[in-house]
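Q: Please construct the entire structure, taking both the sequences and the accompanying hints into account.
Quick mapping for you: the protein sequence lines, in order, are chains A and B.
Read left to right, the first sequence gives residues 1 to 243 (the working numbering).
Read left to right, the second sequence gives residues 1001 to 1243 (the working numbering).
Please note that the accuracy of each hint is not assured.
Here are the simulated DSS-like cross-link-like pairs (lysine-lysine), alpha carbons at most 25 Å apart as the crow flies [as the list claims (entries may be wrong)]:
1) Lys76(A) with Lys1076(B)
2) Lys1149(B) with Lys89(A)
3) Lys1089(B) with Lys89(A)
4) Lys1052(B) with Lys1157(B)
5) Lys123(A) with Lys1089(B)
Source of the hints: derived by calculation from the structure; they are not laboratory data.
Here are the chains, one letter per residue:
Number of protein chains: 2
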Amino acid sequence: MIKVVFFDLDDTIVDTTRLAEMARRNAIENMVRHGLPVDFDTAYGELLELIKEYGSNFNRHFDYLLRRLEIPYDPKLVAAGVISYHNTKFAYLRTVRGVRRLLLELQKDGYRLGIITDGDPIKQWEKILRLELDPYFDEVLISDSLGVKKPHPRIFKRALRDIGVKPEEALMVGDRLYSDIYGAKNVGMTTIWFRYGKYADRELEYLDYADFTMNSLEELPGILRGLNLEESEAGPDKEIHAD
Amino acid sequence: MIKVVFFDLDDTIVDTTRLAEMARRNAIENMVRHGLPVDFDTAYGELLELIKEYGSNFNRHFDYLLRRLEIPYDPKLVAAGVISYHNTKFAYLRTVRGVRRLLLELQKDGYRLGIITDGDPIKQWEKILRLELDPYFDEVLISDSLGVKKPHPRIFKRALRDIGVKPEEALMVGDRLYSDIYGAKNVGMTTIWFRYGKYADRELEYLDYADFTMNSLEELPGILRGLNLEESEAGPDKEIHAD
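A: Structure representation (structure tokens):
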């Protein structure tokens, strides 16, 4: 009997990849508009490489972009990038389509909800609070607070303990087969792989750990009903039997 | 004959003190709303002390605020502060009343314009670009690029050299008697102290270095007319005399 549904945050609840791409494109566009002496495609390509090498939470992307393009340091150009990046991120931050309807429906059906995510804790909370998602969730666990990253079992076990359910009573929904699906299955949870965003066709070697695959969040309530129905058809549990 | 007018940025062109106060108040309010377990006045007072000690460009204000209040680290509370701080700064960034009208008028009268400011270069350019002030100015000099701060003479001399005028052809307008007025006078420029913002009643020991004092930017064109008229009444210069 599933009692709790855990979600990953980026590209499961929040439409992160699309937003980041828009923000980066707008940043480069504004840098070119303010005098960056290279064309958009060259600069954007170099930025993507830089992000791949230094990670998306590196906070000197535009600064280093100038170095890589061999352009003398110019705070005006960096500021032009920063402004458009932030404006885009604040103006276009969105949930994945259907998230709020789904969360309401799950709450109405009596499920408790949680978030299990990696990432910078302040940035993750910024997304949650800006979108006013916090009231939907009983538990928000950011792996950084335990000093580990998914799929480390500790983060999943801690989430289960905090919310007070056994692994077989919990479902994990996420877009990453390795971090989310392999990680959650590994501690005994039921898993749904949400095929969305930049990981939609990656890490397929972990596909076996997914109990279900869905292409849209709308499929989730049906899967849940199926799961709980299947279990009750398999026979009433002991307490009811003894009654 | 004054040919160039230099301005300080914060609390002369940009209404910085008022904005910072709003942003900090809104940040604390949002932290309290999200569960900060102390009252607004206590938290706000502690934040102001912290800023005094660590400086306004320290980027872990809300983080350190929790430490000072002896509250366990909570990224949700920090994010609540950061969100409201940024929202306020982006939504309420304004020039000091009358700036655009003044800059247009000065340009129409043939003056070239410059900014001489301290501060983090990217943050200063963010204000300038967000307000679209850059097209008004021939020169923006941020002291950080020379490794000095106002009133160091090097920053004023560099501005004069870049724009190609002698000190007696340049006017400096600023709200800080020590950094702006003493600094500019020291290299031979004419100075106007703009009595505005948190420095309106401070550093008065440097008042002697101000050639003029004004309480509103609207007074500037009149002062300039007086200065240039006075000089032409004092006698035509040599070239005209020889003509």
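Q: Which earlier hints can't be squared with this structure?
A: 1, 2 and 4
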